[in-house]
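Letter by letter, the chains look like this.
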Amino acid sequence: MKPFATKRSAPLGEFELVVMLAVIRLKDEAYPVAIRDAIEARTGRPVSRPAVFITLERLEDKGLLSSRYGDPTPVRGGRSKRFFSATKAGVASVQQSLDTVSAMAQGLEALLRKS
Amino acid sequence: MSLPERLLRLALGAYKASALLGDLEEEAARVGASRAWIRRQAWRYAVTAAGAAVVRTKSRMLTTIYSAGRDTWRSVRRFSASTVMAFVILASSIGAGTMTFSFVDPVVLRPLPYPEPNRLVVAFGATPRNSRDMHVSPADYFTWRDSTTAFEELAAWMNMGSVTVSHSPASEQIGVTRATANLFRALRVQPIVGTAFRSEHEVPGRDDVALISHRLWQQQFGGATDIVGRPFRTSRGLLTVIGVMPPSFVFPADRVLPSEIWRPLAIQPDERTISAASGRSRYVQVVGRLRDGVTLDLAHADVERVTRHLATSSPQHYVEWRVRTGTMLDVLTERVRGWMLLVLCAVALVIATACANVANLLLTRGTARRKDIAIRTSLGATRGQIACGLLFETLMLSLTAAAAGVVLAYWGLETAKAALPTGIPRAATIALDLRVVVVAAGASVATALAFGIGPALQASHVNPSEMLRDSGRAHIGHLRYRWRSALLIAQVALVTMLLAATTLLVGSLIRALNADLGFNREGLLAARVTPALPPDGPLRDAARREFYGRLEKDLREIPGITHVATVMPTVPLYRDASSSTRIFRAARTDVDPIVADMRRVSIDYFATLGIQIGKGRQFSEGDRRARVAILDELAAGQLFGTTDALDSLIVLGNRDYRIIGVAKTVWFLGPEEAPLPQLYLPLDVAPSSTMTVVVRTSLPIERAAPVLEAQLGSMMPAGTAAERVEIQVMDTLFRQLTADRRFNAGLIGAIGVLAFIIGIAGIYGVTASTVAQQTREIGIRMALGASATRVVRSVTWTTSRLLLIGTVLGLVGAWVLSDVLRSVVFGIQPTDVIVYAVPAVFIAAGGLVAAFVPTRRAARIDPLIALRSE
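Residue numbers (our numbering), protein chains in the order written: chain C, 1 to 115; chain B, 1 to 870.
Using C-beta positions, here's what the derived DEER-type ranges look like:
1. C:D71 x B:R40: 23 to 31 Å
2. B:A783 x C:V101: 41 to 49 Å
3. C:D71 x B:W37: 21 to 29 Å
4. B:W37 x C:L98: 33 to 41 Å
5. B:I375 x C:A89: 29 to 37 Å
6. C:V101 x B:R35: 38 to 46 Å
7. B:R856 x C:S48: 33 to 41 Å
8. B:R856 x C:I24: 54 to 62 Å
9. B:W411 x C:V101: 55 to 63 Å
10. B:I757 x C:L17: 49 to 57 Å
11. B:S787 x C:L17: 54 to 62 Å
Subject to a maximum C-alpha distance of 25 Å in a straight line, what follows is the list of computed DMTMM-like cross-link-like pairs (lysine to aspartate or glutamate):
12. B:K16 x C:D28
13. B:K664 x B:D516
14. B:K16 x C:E40
15. C:K27 x B:E25
16. C:K27 x B:E27
17. B:K58 x C:E60
18. B:K16 x C:D37
19. B:K16 x C:E57
20. B:K371 x B:E777
21. B:K58 x C:E57
22. B:K16 x C:D61
23. B:K16 x C:E60
24. B:K16 x C:E16
25. B:K16 x C:D71
No lab work stands behind these hints, which were simulated from the structure alone.
Glycine residues also receive a C-beta, built at the ideal position from the N, C-alpha and C atoms.
Whole structure, please, built from the sequences with the hints as guidance.
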């Protein structure tokens, strides 16, 4: 049994959702440095490296992400990048979370905008 | 591969770890960060990955430990004032304790490195002038050895200075000790290679054999197996090795340059029995091993009986001389034991203060954290998890503090070793002691555990919902409040006691340093000179008179030298030479003679040293050959019962001398040892070629000393070796005499300051956190109309009451303690009001400020904010 394995239908946490969305947005260029940059750029809040890393690990354990290694590059001290991509289950899970949020938010736009 | 990288590989596998590090390299290159930045980030990853790995194992124990460690780290990072205080207090007291014990143990407490060391006894003599003249004559030794029955073995030995050994690869100075063959049987240590020397080697001419140290064997002879019988060259001739001592063998234990060559003590046959020639020359030391069942008292009586017999057969050699015996360790450490143990007690008090202090801080913190614990309990944390978390936190606190303490101790020990007065026995063995580290750390851990976990566990019993509802109110149980008050009182009392002891010791040091010694030592230089003058014969007196007359005259002409005098044998404070004599009162057989310290002095002696003449006059030119004498007030008082003894007659030898003056008493043994009565006679012709020239200069002493040395060097007759002129600065002599005392006062002073800081920090910490917990209450009172002054007064009053009780208890303790101190340190005045006033004022003032600051801050808060606190 995989650690952290939960039922597919278990909802994503907020940060997990953010990370999933960043991976999907970056397509083939989704490796930790780029993912963290993307989150910081879009949300405007600082994100710790270990937090991104541990979330990616967890999502991969859950089967929502998969990873592969690229070619080594000199700027990285001759080390490879680890690229992440969303699995089918991952995309579905993101969709489900977003649906949940929008279903809950429906009709509240006027109220939410006020505060 | 660096350590974090290794950890990452372990937790994640090689590929993932490599990719992560690649990410870091890339980011570092982008922003221009250093390797150190990469390493730091790698550590963060490693810790996170290790945590994830632990969670993956699904082991409850590992997970609990991990989360406890994480919580600890977070709480440390929050830097709560009480945690920092507890850390500082623990670290400094562990440091001080470890340092002091590492220092005192090898010097005073550790048994000597021989089997059954308590049965090793030394016997020596004491005179009124020197309470521990360790040397006896060979005749004394042989008589003791042959006529006493208390000893299994009685051995004699003497230090022989050093020789240069230049076998291979470089030459070095090696200390030499000569001993009788039975020394090794007495010590019960035998060579590991070869044999010890035998009594047939104790004959002049057959004594060129040597036992060498293990180190010398290894380093100079490469550990050669055929070492026995091998000759080796030293600066004092050829010796043959007959054995090698074990690596741990040390004898004697108190030499600055340790002895590594032991040779037979060969005594000339005519010195073996008491005779006119041999009796007074005392140069060997004696150590023996008691027979089974013989006590030190019995042995002492035995030696004394034999010596009394010797004294009746030749009384002239045993005037004022009495036997002393003691266990080897006691005699070796006699000089330092008292004050070293005192310092150790002081440090024990500091550690006790620190423990009380930390206990109090942790109790306070435990109270503050009840809410925290309640929240965690309500979120499902088990009692085990909470206990484990707290255990971890306190352990981490005390262990890191212990580590910091060890670093402090190491540093302190190095500093103290550099400042150590000379002649401390076994000083070379002073080193950081691991056992001590373990004990000190253990004590701190035990305190932290006892007081850190108890209250918190108690809190976890509380129904969380009640606790959360109630937490707004200051919630200090009555029992706990009492505990905290008791601990505060205890530490104030301990600190007061320590400060009183410090004031006593520092006060007596200041008194000693400023004591009127009866002469003015500033700007005073003495030189012992041994010029190469014609040997005995008709020309001797003329040559000496001519030489010293010219010397005084030439020295007077040097600019900056205001007074010159010559004295025989030597100036005050110089303890290595003496000349005591008996003085009788003329025509009065009913008055006992006194033993006085005699000096022959030139006319200017009193003016040069600044010794006041109380009655009568100094010597004048016409007195050179007259039978006149000057006594000091002590001698005059003892002999005539009054200081007004002018024109009275005294008898020296068979001659009458008329007293022309009574001088003020000079404390020539230093401020701490009562002087003998003194007698001054005029100096006409130098009675020996070695004399002491004493000079007063108006120049700075560091400039005057080399000038004097150069001048004296050039004035010496041809053929006088350079080392025959030996310059002594009087102030330096004085500093050497008081070195132990200054070092001791310095240590106690440092410990006192440390205790004071710890005490004040404790008062501050406890008041601050109490006030923090009462912020809401203070807010209510102020909202209801209490003025800030009133709030401050009421909180400060609570602390002042505890302070007062603590101080009074401490002063009572100090009063009891002063009796002990008086038996250890010379010249203490425990009845001095200042001794009690200083600590009381310090602790009261310091404590009040420490209590006032946090209270004042709380009282300044807007009541609305205060009410919302927590």
